[in-house]
Structures are given as structure tokens and as C-alpha cells.
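Given the structure of chain D, go ahead and fit chains C and Z onto it with the hints provided.
Residue numbers (the numbering used here), protein chains in the order written: chain D, 1 to 295; chain C, 1001 to 1334; chain Z, 2001 to 2277.
Source of the hints: derived by calculation from the structure; they are not laboratory data.
Since the structure is predicted, the reported quantities are computational estimates derived from the model, not experimental observations.
Just so it is clear, CB atoms sit at the ideal spot from N, CA and C, and this is done for glycine as well.
Careful, some of the hints might be misleading.
Label-pair ranges, simulated between beta-carbon atoms [what the hints assert, rightly or not]:
hint	chain 1	residue 1	chain 2	residue 2	range
1	C	Leu1010	D	Ala124	39 to 49 Å
2	C	Gln1226	Z	Gly2160	35 to 45 Å
3	Z	Thr2115	D	Ile62	58 to 68 Å
4	Z	Phe2170	D	Val55	25 to 35 Å
5	Z	Val2096	C	Leu1010	30 to 40 Å
6	Z	Leu2092	C	Glu1054	35 to 45 Å
7	C	Val1188	D	Arg147	37 to 47 Å
8	C	Glu1054	Z	Gly2160	47 to 57 Å
9	Z	Gln2269	C	Ser1131	15 to 25 Å
10	D	Gly155	C	Gly1200	50 to 60 Å
11	C	Arg1008	D	His151	22 to 32 Å
12	Z	Gly2160	C	Thr1016	22 to 32 Å
13	Z	Gln2043	C	Gln1086	22 to 32 Å
According to the in silico footprint, chain C covers these stretches of chain D (three or more CB under 8 Å from chain C) [stated by the list, open to error]:
hint	segment
14	52-65
15	82-88
16	111-121
17	149-163
Every beta carbon over 10 Å from chain C, so not counted as near; a handful from chain Z, in silico [what the hints assert, rightly or not]:
hint	residue
18	Arg2002
19	Leu2030
20	Asp2109
21	Gly2160
22	Glu2161
23	Gln2168
24	Leu2225
25	Thr2247
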Amino acid sequence: MILDIENLRVSINAKGTRTPVLRGAHLQLEQGKILGLVGESGGGKTMVCKAILGVLPESARIESGAIRFEGRDLLAMPARERRGLLGRSIAMILQNPMTALNPVFRIEDQMTDVLRLHAGLDRAQARARALEMLTAVHIREPERVLRHYPHELSGGMCQRVVISIAFSCSPRLIIADEPTTALDVTVQHQILRLIRELQRKTGTSVLFITHDLGVVAKICDSVSVIYAGRILESGPVERIFSSQHHPYTQALLDAAPRYDRPDTALHPVSPELREQLAREAEEFDRRVDREVAHA
Amino acid sequence: MSPAFLLRRLLLAVPTLFGVAVVVFVLLRIVPGDPIAMMVPGEATPEDIARLRESYGLDKSIPMQFVIYLDHLVRGDFGVSISLKQDVLTLVLGRLPATLELALVAITLSVTCGFTLALASTYWRGTWIESGVDAINSIALAIPEFLWAMLLILAFAVLMPLFPISGRIDPMRATAFATQFYLVESLVRGQFGLARELLGHLALPALALALPLIAVIARVLKSSLQEVMVQDYILLARIKGFSNLRILTREALPNALLPTITLTGVHFIFLVGGTVLVELIFAYPGIGNMLFGAASNRDLPLIQGVTLVFALLFILLNIAIELSYALVNPRLRH
Amino acid sequence: MRALLRNPKFLFGAFVLLALVFVAAFAPWLAPHDPMAQSLLNQLLPPRWAKGGDPSFLLGTDTLGRDLLSRMIHGTRPALLVMIAGATLSGLAGVVLGMLAGFFGGWLDTLVSRTVDTFMSFPPMLLAIVLAAAMGPGLGTVVISVVLIGWTRFCRVVRGEVLALREQEFVTSARTIGVSRSRILFHELLPNLLPLVIVLLGLEMGRAIVVEAIMSFIGFSSSGLATWGSIIADARSYINQAWWAMTYPIVAIIVMVLGLNALGDGLRQATDPVLQR
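If we strip away everything but chain D, and leave its shape as in the complex, we get (with noise of 0.2 Å):
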């Protein structure tokens, strides 16, 4: 077990009023597996990775609950020694690549700067190895990349720079957070068989946040369901898509795209259940409110 969350609770405090953002949130992911994460916008999904990265917004408070890497509390940790697994064994794909990358400075040194911090390289050898990391991800002429700034790649382009930033010091975890949404159709299926790719050559284990129900299907090992801050349910891709256990869950399966079946109709999450869940989390509240009073 890479990583293995547990009862994580945060909530954001802000004008003094507490909401809760993640109400006990459970997540296992194997070694050397893809699991996905998946769920609607605002249900928690990012909240999650940014608890893992220790990137929280200043309002946000962590309550309760472990985040265990390889076995070790990283919320026990210190923060110096938290921060030192950034970069060298946990690193991250981000949304968007058009942002994720500085506008100010080229390629080459986005890329050797990571490397010469972490794994101790000098300016050639840094170079060297973004050189290997551009060719692993496929960008014919990684010279001339490395000589271009942010702004003269294509959104297709940045997001494998992106992507070979996040394996080039070999970590151990990479967590992607929706790291096709903001890309064109079919660069989104190239950027995927790339991540699974990488993924199957080095063995990295990876957390694949997404809302889309579809991609989980091409390249995850196991999936967990989230939806306002609570997980309704984790397992290996193929029982999830085989029978499913929760509505939400069928919910998100109707109203994904069928790349199979491409004419049928797109049906979005029911209002009915939408307010059944959001009574079951009130009501997990309360219940955590009066657990918490006891105790």
C-alpha cells in the first residue's frame, strides 16, 4: 500500500462559519497501481490531492484522519522533511497546461530545475536527462523544444512537458489531477495512453482524479467514487462497471459519454438524488458533531 488515507476530515473556516469539505474520506492505492478518483466538481477530488501535497488553501483545517506514504503519517511529519518528498517522490500533473508551466522562463530550465535540486545533477547531466524525459514523451525535436518558452507550445505540447517534469526524478507517487479536461479530444487520448505508458515502464503508482467515468475505464486498475466529501464506494474497475453497488455510481455511468456507443442520449445525475445525498451527508455531519461532543 503506497498510500492509504483514512478518515479524513477537512473543513474550510471562513467569515466563521465551518463547512466541511471532506467528511471522512477513506482511499487505498496499491503499489504500482492507477486508481482513480473520480466524482463531480466540488465534490472533494481536488481537496484530496491538495491534502496529500500539504498545498491547502490558508483557510482550510484538517480535523482529523492520517495520510499515510508508505506507511509513514504525512501528517505527522515535519513540515521540512514533508516538503523534502515534493518533487523527488511525490509529484503531480496538473489541469490545465497552459498555466501549470512559469510564462517566464524556457523549457529547459522548468525541467533541470527539479532535477538539479532532487537528484543532485549538474547543468549537463540536468540537460541530459530532460533531453531522455522529452524523448520518453514522445516530442520529436526535444533540442528545440527545450529552447522555447510556455507560450510557443501547444496545450498538447505543455501538458507532456508537464508530464515529463512529473516523472523525471523517478517518484514514487504522481497524482493527476484531471490532466486531460482542459485538451482537445484527441490529444486527451494520446495524453492518456501516454500517463498509462510511463506508468507501466516505471512502475510509479498513480492517483487519477477525474469526473469522467469513461477514462477511468481506459487506465485505471481500481476506482473510488466521491461525492460531497464522503466516499460512496471503492473497487477494481471491472466490479464497479459490472454491477454497481451505489445509485451514484450509475448515475455518473449514465451520464458519461459511451465512447462505444456514441448516439446514445446523455442523462445528467437526478435532482431526487442529488438531495438524497446531500441528506446523507447531513446527516453525517450531525453524527460526526455528536461523536466529536462525546469524545
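Structure of chains C and Z alone, referenced to chain D:
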């Protein structure tokens, strides 16, 4: 930034300079008043006055005077000062280095302090340091530089005499210099005692000039930094494992520079323009102080000369600001 | 109106302004001495409460033995005059030009906008000095400098506002039913601009006070008057003997500037919904 671009910018400066020359020339002559009458002693005969007027070319019609003036300008002849009886260009060039050193020290001071304040209040966001910087900023902005100069005189010259309040250097020691760039020269020669004396004289006028700009830079840079700090690439830098200080100075700062330069550019020009008043207040012998003398004596050639030099300074400063845009923004570099 | 009376910034600003008007109006009665009367027996007296102070010279005297309190009191008159005349005239010039440029557009707009840009790229002090050199010293010169420096601020803001208002329904509909241009300008646009202009006037008055102080400090104001700037200029020369003489006018100007800024801010806050329309 290509040489061709620079050349084009410099050529564009010619009509601007011409415009300034016209406006100042006309402004100085539409109003009645005779500079010659002011300079001659009471017992001068009308013939004496007429002769003097002729020698300064003031007996001709105004358009004719302007044509002659332009003709001389093109040949690098700025005319002869009526009150000081010397070549205007020599006079102005002799005083210009003092003003340039003052402006340069003030700009260095405002950029250093402005950046430090902005970076500190971003790094320590939400602490008392941020509130302190904000408070300093609003005070510095609310009070104009004229009053700052006076307050500085009261504070650091009278109540707590740390710095001299007038002049540039003890005149006895001024003879030691080969050039008019006293500060630069003393630093180059390694005469740090002299440099310290010069800086002591510069401290208050430079601070009076710098304070409003410090506040402007700190405020603009701070808000640009805060905009940049929530960008995705900063998140990526965090995830790369960089320290907060490195993220702030190496990743965020270069991106925050561009809006800062755009929004503060015109204030640098105001700072250079502000030297005029500050030089007078601190009796600092630059071209600003010279302009006052010229204005009180209605020394038309000297006024024209100094304003043209100021206009040229502003144009060069504008070009420098544009060059710095290109320097910090890769999108403009090609 | 009620919002205004509850706004502390506005109240502070209004108080400062009213105090200035009051002192200026009754200066001859309030001042204990003639501001110009010299007395060689009473040179450089410290303020009354300090050691060696004379009870009849509350704030002390300058090198010529003139009463500083009386000079400060009479100094409110040129300050108030320049403030009101300068701010009103620059407001008038800026609003008229800004409205015309924004409403008619075309070459007129280009001309006005280019002129504003030129003025704003030139440091104001330089302009004022060249002007003073041309016109000679005097209160008129000071007022005109304030106007030359200040009109661009009104012009730019008003032009932008008119550009925005011009496209709004009540103007376009007035135009389609054939209301004359001058009627639209004065009856439709002007009332909508008024709150904005009032705020700008408040800010401009603060700037005018400073310009007046600077010009009289330099000696470009009327030499026969006691002004705050001239008190500073005199005090600057004997600062090592009597530092307090410089403090009064500086404090007075700073209070005026802060007060008038607060007045503008308060007005802006209280009329905000109007401005945001």
C-alpha cells in the same frame, strides 16, 4: 530588442523635443516682460538697452527669433545665458551630473525599499509585518514629497542631526574631483570617506524623492505578487519541493515584474521631475536648482536649455522603461 | 445624505474645510497682530509655553519679529482662494473638455486625449516653473499652475464616464426621439456626472493646497502676502535657531491634505452606488 527598434524610438523623440522647444519658446514670449530691463542697472540709457537687446537677438519678431533659435539648436548651440553670461550647454552639462546622481540614488533607494517591503509583506502574509507595511504605504502615499522633504529636514537635521540639509559636498573638497560625477568618481577611485560625505548630503533629498515611489512600488508589486502566487505554476513549483523563499523570489517575482513596471513607469519620470523642487529645498546644485535661478531672472535661453535637457531625460527614461518590459517579458523579446 | 453624516471620514474632512473657511473669513478679527508688522525687539521669540516665550506672541515670532500665529491665520486666505479657484477652474476646464471629447469623439477626442497624455507625461512642477517664469510671481500664476496641473485628472475621468454613459439606454433613446445634442449634454449627462465631479473636486482641493504652498515656498506667489509656503521658506533659513516656526505650516498643510483626502474618500464611499451604476 533590436538596434533598429532603438533607432526608431530615438528618431520618434525628435518631434517630441521639437514640440517641447516650441511650447516653451512660445510660452516664454507671449507674456509681456523684458528680461533685459531686469539685468541692466538703473542708470543705463535706452541706447544701452537697445544694444543689449540686439546682441541677444530679442529685437527681432518672435517667429524670426524662433527660426534663429532652431538654427542654433541644430548646430548644438543652446545660446548664452542672460544672467550668467555663459554658454547654456556648458552650464547645463556642468550641473547635470549632480542631478543624475541624485535621481539615481533616489531610484535605487525606492526600488530596493519598495521590493523589500513588497516581498516581506507577501512572505509574511497575514502577520503584523503585512499590516505594518500597509500602514507605512498609506502614510507615504498620503503626504506629497514637498512635505516629506520638510518633515525629513525637521526630523533628521534639527531634532536628530544625522545628515546635512544643504549642498552636495564641502566646497573645499569639491576641487579634488576631475569630473562632475563626484559620487561615481569617488567610488571608482576608492575614496570611501568622500563617498560617505556625498551620500550623507544625498540621504535626505533622495529619501524625500524616493518615499512616494517606495510606496507605489511596494503597493503595486505586492498586489501583482498576490495575483501570481495563486497561479498554477506556483503550485507546480511548490510541488517540485522548492522552498517558500525560492518560490517567491525566483518563480513569482519575475512574473510580477511586468505589471509593476507598467504601472510604476510614469512615477520614475515624476521622480526625475521632482528633483527640481527637492534640489531647491536642499540647496543641491543640480540643473533643477539652476532652473529656479533662471526662472526668477527670466533668463530665457537658460530656461529653454534646462527644459530641453529635462525633456530629453524623460524620453530616455521612457525608452529605458520600454526596454525593461522586453527584458522581463519573453513574449516581447522577438 | 444620512450616509454622509454617519461617515467619519466625511465628517473629519468637512470639519477641516469649515474650520479653514471660518479662519479665513474672520482672519483680521482672529489674528492678534498685523501679520506684516515687524518688530526688531521681538525677534525669534519661542512659543508662549516655552522658556523665554512672550504671552502676546502665542506661537512665537520670526527673524523680523512678525507674529507667527497672525501669519498662520492670514495664510489661510491665499490657501483658501487658490484651493477654491484652482479646483473649480480645473474642474470646469476638465469637465467641459472631457464631456466634449467623450460625447463627440472623432478628431476632437483625439486632440483632447493627446493633449492630456502630453500633460500627464510631463512632471507638473516643471510646467509650473516655466509658467511662473513667463507670467511672473503672483496669486494668478499660482491658480493657473493649479489648473494646468489639475485639469487632466478631471478630463480623463469625465471622458471615460461619458463614453460609458453615451451608450446607455436613456441617452440613446433621447437621441432617437430627437433631443438636441446640447440638451443631452447638459440635461442628461451632466447630472449623472455630478457625484463623480464632486468627489474629484474634493481631491483636487487637497492638491491645490500643496501646490499653493510649493509655489509660495519658491517665491512665485505674491510677495506681499503671508502664506504658509512663505512661512516655511523663511523658517527654512533660520531653522537651527527656531525649528518650531517651520512646524506650524507643515502641520497645517498636512492636516488640510489629509482632511480633504478624507472628504473625497468619504464622499466616494457615501455615493458609491451612484458611481457604480
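Right, here's what the structure says about each hint:
| no. | hint | result |
| --- | --- | --- |
| 1 | Leu1010/C <-> Ala124/D: 39 to 49 Å | 42 Å, holds |
| 2 | Gln1226/C <-> Gly2160/Z: 35 to 45 Å | 26 Å, violated |
| 3 | Thr2115/Z <-> Ile62/D: 58 to 68 Å | 60 Å, holds |
| 4 | Phe2170/Z <-> Val55/D: 25 to 35 Å | 50 Å, violated |
| 5 | Val2096/Z <-> Leu1010/C: 30 to 40 Å | 37 Å, holds |
| 6 | Leu2092/Z <-> Glu1054/C: 35 to 45 Å | 44 Å, holds |
| 7 | Val1188/C <-> Arg147/D: 37 to 47 Å | 39 Å, holds |
| 8 | Glu1054/C <-> Gly2160/Z: 47 to 57 Å | 52 Å, holds |
| 9 | Gln2269/Z <-> Ser1131/C: 15 to 25 Å | 21 Å, holds |
| 10 | Gly155/D <-> Gly1200/C: 50 to 60 Å | 58 Å, holds |
| 11 | Arg1008/C <-> His151/D: 22 to 32 Å | 25 Å, holds |
| 12 | Gly2160/Z <-> Thr1016/C: 22 to 32 Å | 25 Å, holds |
| 13 | Gln2043/Z <-> Gln1086/C: 22 to 32 Å | 39 Å, violated |
| 14 | 52-65 | holds (count 3) |
| 15 | 82-88 | holds (count 6) |
| 16 | 111-121 | holds (count 4) |
| 17 | 149-163 | holds (count 3) |
| 18 | Arg2002 | 28 Å, holds |
| 19 | Leu2030 | 25 Å, holds |
| 20 | Asp2109 | 20 Å, holds |
| 21 | Gly2160 | 18 Å, holds |
| 22 | Glu2161 | 22 Å, holds |
| 23 | Gln2168 | 29 Å, holds |
| 24 | Leu2225 | 18 Å, holds |
| 25 | Thr2247 | 7 Å, violated |
Going down the numbered hints, you'll see the structure goes against 2, 4, 13 and 25, while the others check out.
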